[in-house]
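Asker: Taking the hints into account, I'd like the entire structure generated from these sequences.
Keeping their order, the protein sequence lines are chains S and D. Take the first sequence: its position 175, counting from 1, is numbered 175 in this note's numbering, and each next residue is one higher. Take the second sequence: its position 60, counting from 1, is numbered 1060 in this note's numbering, and each next residue is one higher.
The set of hints was computed from the structure by calculation and includes no laboratory data. Backbone N, C-alpha and C fix where the C-beta goes; we use that ideal spot for every residue, glycine too. One or more of the hints may lead you astray.
As the list claims (entries may be wrong) - If we take Cβ atoms under 7 Å as the criterion, some of the chain S residues that face chain D in the derived model are:
(1) K26
(2) A27
(3) E44
(4) Q48
(5) F51
(6) E123
(7) T124
(8) V147
(9) C162
(10) V164
(11) L178
(12) A179
(13) R180
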Amino acid sequence: MRDTDVLNQERAAGLAGFAEIYEAHKAMVFNVCFRMAGDWHEAEDLAQEVFVKAYRAMDRLRGEAKASTWLYRIAVNACLNHQRRKQRVRWLSLDFLFESRSETEVGLPASEQSPFDELTQRETETLVQDAVNSLPLNQRAALVLQVYEGLSYEEIAAVMKCSVASVDSRLHRAKENLARRLVPQLRK
Amino acid sequence: MKHDKIQTKLLLWLDGDLAPAEGDEVRRHIAECPDCAARSAALAVAWGGAKRSPRVKPDPGLRARIMAEVERAERPQSWLAVWLAAIAPVRFQAATAAAVLLCVGLGIYLGNVPSISQASTRPAGGSSAIGNLDSFRDFPPESVGGVFVQLSGTTR
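Answerer: Shown next, in the form of structure tokens:
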């Protein structure tokens, strides 16, 4: 049986290493979770799930070329699974028959614009986020990674474990669907 | 191209994702159609704002929650907690399978209980007008079966 002190040291080193990974990538993971879920509290729960999964699989990280690609993948899969579970619950509870579209409050930090401009900007951001929330899951994931995280097609393909052609197709359809939804709602 | 088809392509056009011929068609239409031109301008502002929006950052409390859960995971767990965590992804399927097995087991058990299995067997010498009433002979008179026998007039 290994010495307790050695085990505790290894454990502390593991936790310290994990804390560094958390600090380096918390904004990235939370941003993906928020843009996918469209809800602050859900994003917090998802981000927690992502980092706990990452901690449990840290040994696998040592073999990965980039921690960010690995974390993106865990985050996107967690968000997709969460949305699929929500859809199943919604269907089973028949809530979809009584739902009305609700706006997503986008919790961005205050800017230095005038209150009127800030309100207009927030309204627009909320419109865009609501439109993103309405996209099919794979299209939403590809769009979030490209638009909000700035990933290239190749990077998105690595995260979503699909071909670059699939990424191109998903983004194409996502932007058509977004335009179809946004254009009638935007003021001239 | 009709207006609605043009408007569907606007975001792709703004991002430069259209093929050259299609992009030219959209540009020509916008030059000629004030309505589509205005909508394109509004979309450019909204979409540009979305692309420039900074990353949404978590509350500081999230770190504490995550570290607490990770440290909890480090502590030794009971075999039950480990088993429950292991089946968590398939708990619905596991519960369904358990319910099916329980029903099958209960059916087999009830089928093998002597008094019930005899009650379900027809007598060899033909049947009375009220089916297998002879099988109620084992029921005491004061029981439900016994009362039924008496009411039906079947002699014991």
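Asker: Kindly indicate which numbered hints from before are broken by the structure, ordering the numbers from low to high.
Answerer: 6, 9 and 10
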